[in-house]
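My request is simple: use the sequences and hints to build the entire structure.
Be aware that the sequence shown starts at 0, since it is given in numbering that gives the first Met the number 0, and climbs by one per residue.
If you are wondering where the hints come from, they were derived from the structure by calculation, not from laboratory data.
No experiment lies behind these values; they were computed from the predicted model shown.
Among these hints, one or two may not hold up.
Unchecked claim - Label pairs and their computed distance ranges (CB to CB):
| # | residue 1 | residue 2 | range |
| --- | --- | --- | --- |
| 1 | T81 | F37 | 30 to 40 Å |
| 2 | D27 | S61 | 31 to 41 Å |
| 3 | A36 | D103 | 16 to 26 Å |
| 4 | N25 | E62 | 32 to 42 Å |
| 5 | L90 | E58 | 17 to 27 Å |
| 6 | K70 | S24 | 27 to 37 Å |
| 7 | S60 | L90 | 27 to 37 Å |
| 8 | L77 | D103 | 18 to 28 Å |
| 9 | S24 | D63 | 33 to 43 Å |
| 10 | L28 | E62 | 16 to 26 Å |
C-beta: ideal position from N, C-alpha, C; glycine also.
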Amino acid sequence: MTNNSSNNASNSNASNSELGNGNSSNTDLLKSIPFFAFEVNHDTLFDDSKALLAQVFPEWSSEDLLMKQCKDGITNKLIQCTNKRIGTTVLIRAYGKHTEVIIDRNQELI
Numbered sequence: 000m001t002n003n004s005s006n007n008a009s010n011s012n013a014s015n016s017e018l019g020n021g022n023s024s025n026t027d028l029l030k031s032i033p034f035f036a037f038e039v040n041h042d043t044l045f046d047d048s049k050a051l052l053a054q055v056f057p058e059w060s061s062e063d064l065l066m067k068q069c070k071d072g073i074t075n076k077l078i079q080c081t082n083k084r085i086g087t088t089v090l091i092r093a094y095g096k097h098t099e100v101i102i103d104r105n106q107e108l109i
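Below is the structure:
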């Protein structure tokens with residue numbers, strides 16, 4: 000993995016063993032999560048986060064966004080994104096560099 004960290008909401012190509020040993024409720028849950036093939040670069044964290052929000056919430060204006068990096072994480076970068084106009088806050092998690100070596104991201108979704 001490079002400096003980029005994939006921030007996919009789900010992995011639609013995961014096998015049943017990766018989805019909780021074939022548990023159909025886990026499979027159904029994962030299939031219901033929207034998938035965005037998007038990468039957030041650690042060097043351009045806020046700009047990339049805004050670009051991702053534009054895809055997920057096209058009706059949001061970037062001028063209405065308040066971005067704050069939460070710095071307590073160990074393996075990930077977490078950005079708190081608040082739309083000031085409507086009072087909605089979402090979190091964007093950028094996977095840490097090379098964390099796929101120690102964390103199975105498919106298993107983590109379950």
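Self-check item: Broken hints, by number
Solution: Hints 1, 7 and 10 are the ones this structure does not satisfy, whereas the remaining hints hold.
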